[in-house]
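Visitor: As a plain string of letters, each chain reads:
2 protein chains.
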Amino acid sequence: MSESSKAFQVPYYAVIFSSTRTDGDNGYAKMADKMVELASKQPGFLGIESARDEELGITVSYWDSLDSIKHWKEHSVHRMAQEKGKTDWYQSFKLRVCKVERDKFFDM
Amino acid sequence: MSESSKAFQVPYYAVIFSSTRTDGDNGYAKMADKMVELASKQPGFLGIESARDEELGITVSYWDSLDSIKHWKEHSVHRMAQEKGKTDWYQSFKLRVCKVERDKFFDM
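Chains as they are written, first to last, in UniProt numbering: chain Z, 1 to 108; chain R, 1 to 108.
In short, the hints are calculated from the structure, not lab data. Each hint should be verified, as a subset may be incorrect.
It does not matter which identical chain is meant; a pair holds if it fits inside one copy or across any two.
As the list claims (entries may be wrong) - Straight-line C-alpha distance at most 27 angstroms; calculated DSSO-like pairs for lysine-lysine:
1) Lys70 <-> Lys34
2) Lys99 <-> Lys30
3) Lys104 <-> Lys84
In isolation and in its complexed conformation, chain Z is listed as follows (with noise of 0.2 angstroms):
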């Protein structure tokens, strides 16, 4: 086991958002691939995590800065995503706006 190099320099910010779907797609498997290549390409974009299973999903993006975050909050794009994430996709959702203090990367 080693404790592998840090990809960030703390502090960053981290953008926790857990949601429970509704049934069907509804081109949302589509629009979610689109938000992650977009949002990659965003000033202080760090990385982003995700994993969904039949209950819950949970995406956690990493930022450089809260102005980063805002940034992307804001983009036309992502808005649109947000308001059929309201209407179609999601039977409810958190999000979670934090600052990460410190980290520990592990490979074995």
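Mind docking chain R on chain Z? Use the hints.
Guide: Chain R only, in chain Z's frame:
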């Protein structure tokens, strides 16, 4: 759509644990359930969210303070699970300790 009542008072703390698994269960599922049950009984525990798909698992636990996180980290049964995680269950993992600065919960 309605913004639901907030469960927690900001600021609080999140531990983001993202991991890739080794092949096979090797006692993982049983221990994972036990750890959630045990964590939820610890002082300062606020909640936990978890999702795993074929590529990645993400578990986020929420706590009232850094002291509560430290206390749980050092719990003897949890320490045994941490060791088993490193030797048997995980191929890699990332652990991040964050301060939640704001949150929004929505029920559609």
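Visitor: Against the earlier hints, flag every one the structure doesn't satisfy and list their numbers going up.
Guide: When the structure is compared with the hints, only number 2 turns out to be violated.
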